[in-house]
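Enquirer: The lines below spell out each chain.
There are 2 protein chains.
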Amino acid sequence: MGKRTSPELESGRNDNGLGGNGRDETIYRNLFTAIVENHLAPGTKLPEDTLAETYGVSRTSIRKVLQRLTHERLVDVRLNRGASVAQPSVGEARDIFSARRVIECGAIPLVVSKATPAALDGLRDLVRRETAAQERGDWRESIYLSGAFHVALIGIAGNETLTDFLTQLVSRSSLAIATYGSPQTASCRHSEHDDVITIIAGGDVEGAMQWMDRHLRDVERTVVFAEEEPAAADLKKILEEVAQRRTKLR
Amino acid sequence: MGKRTSPELESGRNDNGLGGNGRDETIYRNLFTAIVENHLAPGTKLPEDTLAETYGVSRTSIRKVLQRLTHERLVDVRLNRGASVAQPSVGEARDIFSARRVIECGAIPLVVSKATPAALDGLRDLVRRETAAQERGDWRESIYLSGAFHVALIGIAGNETLTDFLTQLVSRSSLAIATYGSPQTASCRHSEHDDVITIIAGGDVEGAMQWMDRHLRDVERTVVFAEEEPAAADLKKILEEVAQRRTKLR
DNA sequence: ATAAGTTTAATTGTATCCAAAACACCTCTA
DNA sequence: TAGAGGTGTTTTGGATACAATTAAACTTAT
Numbered sequence: 001m002g003k004r005t006s007p008e009l010e011s012g013r014n015d016n017g018l019g020g021n022g023r024d025e026t027i028y029r030n031l032f033t034a035i036v037e038n039h040l041a042p043g044t045k046l047p048e049d050t051l052a053e054t055y056g057v058s059r060t061s062i063r064k065v066l067q068r069l070t071h072e073r074l075v076d077v078r079l080n081r082g083a084s085v086a087q088p089s090v091g092e093a094r095d096i097f098s099a100r101r102v103i104e105c106g107a108i109p110l111v112v113s114k115a116t117p118a119a120l121d122g123l124r125d126l127v128r129r130e131t132a133a134q135e136r137g138d139w140r141e142s143i144y145l146s147g148a149f150h151v152a153l154i155g156i157a158g159n160e161t162l163t164d165f166l167t168q169l170v171s172r173s174s175l176a177i178a179t180y181g182s183p184q185t186a187s188c189r190h191s192e193h194d195d196v197i198t199i200i201a202g203g204d205v206e207g208a209m210q211w212m213d214r215h216l217r218d219v220e221r222t223v224v225f226a227e228e229e230p231a232a233a234d235l236k237k238i239l240e241e242v243a244q245r246r247t248k249l250r
Numbered sequence: 001m002g003k004r005t006s007p008e009l010e011s012g013r014n015d016n017g018l019g020g021n022g023r024d025e026t027i028y029r030n031l032f033t034a035i036v037e038n039h040l041a042p043g044t045k046l047p048e049d050t051l052a053e054t055y056g057v058s059r060t061s062i063r064k065v066l067q068r069l070t071h072e073r074l075v076d077v078r079l080n081r082g083a084s085v086a087q088p089s090v091g092e093a094r095d096i097f098s099a100r101r102v103i104e105c106g107a108i109p110l111v112v113s114k115a116t117p118a119a120l121d122g123l124r125d126l127v128r129r130e131t132a133a134q135e136r137g138d139w140r141e142s143i144y145l146s147g148a149f150h151v152a153l154i155g156i157a158g159n160e161t162l163t164d165f166l167t168q169l170v171s172r173s174s175l176a177i178a179t180y181g182s183p184q185t186a187s188c189r190h191s192e193h194d195d196v197i198t199i200i201a202g203g204d205v206e207g208a209m210q211w212m213d214r215h216l217r218d219v220e221r222t223v224v225f226a227e228e229e230p231a232a233a234d235l236k237k238i239l240e241e242v243a244q245r246r247t248k249l250r
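Chains as they are written, first to last, in this note's numbering: chain A, 1 to 250; chain B, 1 to 250.
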């Protein structure tokens, strides 16, 4: 697995609020990364026994981690049927990007007012690493850093609650991308990200908000044009399609 | 406990995403209500045994509920020290209201564009019940309905994700109010809520956003002027104060 | 051979059990 | 008398055991 030296993303606070004593924190991060970086495809079942063996702990700990991921909407749990990697519906995917527009645009005034040179340098560094990853074709790292950039940008506002919300939205965006988008189109193209740093550095609130709105709409557009159910509503529809084919053939 | 016929508030989806099989869902709601309506003061310890006996289940189920409430930031859990009702710091309280301004103002355009007469009638009904509760001095119901109004308003946007976020923020606002505010000032005064319905019905996006921003700043102002730590940082400070008193006295 | 019904296996939900940590009380000492 | 140290109790963290539910395999009858 990619050894990640700087966890810019990953669930808000690492001193996690529940009784995570380090071990299940590790398990959580492993699963989180596996899901968000699309090592586990949406819909993949996550049996408690398997995970328990994998990490050498009892199901108890696994269930705790699974519950956390469920709360973050990265896994779905149905009664007596266990957990699986979440498959955002088209509607959910839209909601996620809509919510991102609300939060990321709405936080821009705070960000601009609190943007220090040091903070902007941190952003620039992320962009540098993002373009580097992009040039060497490491799309996984590229997507990761793209998300990390958005989180870090809002992080400048200094509002932990908002940052947590956005972190969750960015993770879920990755899931939506994995479910509907083509991998290469997914990461924000040509490091547009540099542009917004300039705009923010110039103190142009209105411009930054417009940039962000357009940027997020661009990303969404490359992703959700699949329009209809991913693999669900299968049987009936498939059978009907088959029926039509056969009538055509004869 | 108040028999509540219409659960407008309460954690996003009632068909909860985790394995809640009805029984622990009930436990969750009871605890949720007890915390949000301030039957349990912030800081109150929540021992697992006690809760288990109270609800006639094993600690296992209690821990699940407690974890959920922890994720929603309504309880704090410290390693090996158990759970207690969360005490938002002043900084957190500010962040909560700041986040509410971002989300509730940012969602206004969506709300206005999707506002149907039926939806507005639903809002009016909530206001009616809120003023009724206020007039009969039922401040608990009044606060509840005030929060429910804000959630229902954003709910018109039809974005479940945003609604979930706001639901959490409103619950945490109640905790902040319980921690810092005086009860009667807490509920939004004189049913201002009616005003925004009119503005929205008129299609005035800009006006509605300004109203919401001012409204939330008003609510925040009546609450967080305590400025400094609630009861924390006790020992040292208290001892120092006592020391000063004694030097004055002699 | 297919479809329904029944039995078997696998997986989750819940309770109980044990170990470790925190807390309270009590004693002993300076 | 105040403080340090130690013992016992309470409470939490985690694993295991058992019950309940679902999914799968197999049988049987049409």
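Careful, some of the hints might be misleading.
Note that identical chains are pooled: a pair holds if it fits in a single copy or bridges any two copies.
[Said to hold, decoys possible] In silico DMTMM-like links for lysine to aspartate or glutamate, alpha-carbon gap of 20 Å or less:
no., residue 1, residue 2
1, 114, 37
2, 45, 135
3, 114, 206
4, 64, 125
5, 64, 135
6, 114, 92
7, 114, 141
For the record, the hints were derived by calculation from the structure and aren't laboratory data. Being a predicted model, the structure only gives us computed values, none of them experimental.
Enquirer: Hint by hint, where does the structure go against what was stated? Just the numbers, ascending.
Expert: Structure breaks hints 1, 2, 4, 5 and 7.
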